[in-house]
Each structure stands twice: as structure tokens, then as C-alpha cells.
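Q: So the protein sequences, as listed, match chains W and S. According to our numbering, the first sequence is numbered sequentially starting from 1. According to our numbering, the second sequence is numbered sequentially starting from 87.
Be aware that one or more of the hints could be misleading.
[What the hints assert, rightly or not] Non-contacting residues of chain S with respect to chain W, defined by C-beta distances greater than 12 Å in every case (computed): (1) Ser130; (2) Ala184; (3) Lys297.
[Stated by the list, open to error] Coverage of chain S stretches by chain W, computed from C-beta distances (three or more under 8 Å per stretch; other residues unrestricted): (4) 110-120; (5) 190-203; (6) 206-214; (7) 245-255; (8) 266-276; (9) 281-288.
Calculated directly from the structure, the hints in this document are not laboratory data. Glycine included, every Cβ here is placed at the ideal spot set by N, Cα and C.
Now for the letters of each chain:
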Amino acid sequence: MGYDFTDEANLTDDQLAGELAKLTPLTIDEITDILPEKVDKEHFKQLIDIVRSAESQNDKLVLFKDNVEKLGGVALTVLGKLLKFV
Amino acid sequence: MMSLAIRSILVCLLIVTVGCVSVPKQTVELAEIVDSQITEMHTSHEKFVHLYYEQIRNDVDRFMEEKWIPQFLSNLIEGTGKNSKQFRADLDVAYKLASRDWIDSVQISGISDNDVNKSVREALEKLSSKEKAKLGMVLIDFSKAAQEQINKKRKSLIGPLNEQERYVLDQLRESYADLQRGSAAIKGYLASAVKLVEQRDEISQKVGLLKAQKKIITSAVGLSDKAAKALKTAEKANDGISKFIEIIGKVKGDTNEESDKGGVK
């Protein structure tokens, strides 16, 4: 047999249109207004890279000092040679 | 022990790099607190979003149960549409045939032959059973078709809500991820700066001490030379001894003064 009650469902929607409208989720504009503003991805990445590069420089200097303490004279010789080129 | 030259170079490097910046260890601790608070805020924010959409989903279910389904079933029973009219007709016929007392209707009591009577009774019982099954099938078909529309309606209301919830959560996740990446970079930088400043301070202190020691020795050697010269050039022995004692006293005084300045004991 099999029935298709689509027409009756549509009729029900029409009858309850006012109440159905209240159940509609937020609009795209409302969502955009609520959500945090996006950062400029490119600029953000550049900033992160700069800060990480500075961190890396600091780490290298710390490591350098540790190595100098460990190697003593050898490091001094290397440093001396390096400084001649500067 | 690290030589003075290396220390001087290091100090220069560290001072040039770090300058006079002060980076207390607590900045790293503070950055860690900020980092963990970002995670806490993210979790809290997500919970609020889930609760908000769960509330709307509950509203939808309540609306379906209290308003939409009763109105829909009422429309079906009234037979306003083509299919519901057909259903009503099928239902009415099936109900009429299923509820009929066939044995009474046919009046088999008038059949005197027992065998014929028994055979007709069995046939009528089968017919009654078949009509009742037909009524059941009409009701099952009705239930399936009605349930299909109810599910479809609920899906049409819940689907966009779920989709929007996912979108909002994705956007929040992305923003918090950016925030955490930025915070991690700042924290990492601060930790490295703290280490560097600690090293600068440590080396500065050591080099400061060495400089003071060197100054004391240089001063002592210079004064000792003067004392020796005084002894050599003195015309009278007593004058020479007096001058020598005076210079040595000065050496002692200057040495103590340098020690106090440089903090060398």
C-alpha cells in the first residue's frame, strides 16, 4: 500500500509557521557578530616567526656561553679567528 | 676557569643582546598561567556553546512533541490531503471488515450438514483473521509514513542547529589555537630571555670580581716598587726605613679600600 504524507506535513508547517520561525538558529550575521574577530593570518605568522627567531638567538647565546665555559681555550682561539674576520 | 678575555667578550655579547633589560623569572610563570587560562577559557567557552545548542535542541523536541506531531496527526485523521483521504478510506473499510462477525452475518446455523457447517465456519474464521490482518497492515503503513514525515521534520530543524554548532566550535577552536600559538611563542621567548639575563648577570658579577682583583694587584705592585726605590735612595738608613714603613702602610690601606669596593675578601 504505502502512503506519502508530504502534503499533510507541509500543511502542518503552514499552520505552525509562526512558532517554527522562533526555532530558527542564529543568522550568519548574528554568528559573525558574536565570534571573535579573526587575526590577519599572514601578519600573525610573521610575528610568530620573528619572536621564535629571537628566542632561537637567545638560546644560541646561552649555548655559546656554556660551550665557552666547557671548551675554554679552544673556544677563545675560534672566537679570536672569527673576530678577525669581522 | 674561564679566562678574562672570554668573559669580556661574552659580557659584551650578552650586554649588547640583552642590554639593561630586566626579565624576572616570574614572567615565565605568568606566561604559563596565561597559557593554562587560555585552555580553561576554551573549555568553558565550548561548554557554553554545547549547552546553548542543547537547549535549542530540547526546545525543538518539545515543539515537535507538543505542537507539530499532534497537529500533523490531526490533519491525517481529518483526511485533508490526497494520501490522508486514501488512508481514511482504507482504514474505514479495513475496520469495518475486521470488526464484522462473519459467522453471524452468513448465518451458518441454517446449514444442517455438519461437515459443510464446519467447513464454512473454518473459511469464515480465516476470512475474519485475514481482514483483521489487513487492518493491522493499514495501521502499520500509516505509522511508517507518518513516522517518516516526523523524522524528516525533526531532521530539518535539528540539522541546521548541529551544523551551526559545529561551525561556531570550529571558529572558536581556530581562534584559541592562534591565541595559544602566540602565547607559546611569547612564553618561549621570555624563558630564553630569562636564561640570557641570568647568564649576563652571572658573568658580569664574575668579571667585576676579577677586575677588582686585578686592580688591587696592580696597585700593590706599583706601591711596592715605590717602596723599594725609597729604600735605595735614602741617604740615611733611619729615613729610608721610616719612608718604607709609611709606603707599606699606604699599600695596605689602598688594598683594603679596593677590596671593599670590589667585594673581594
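Q: Which numbered hints does this structure break?
A: 4, 5, 6
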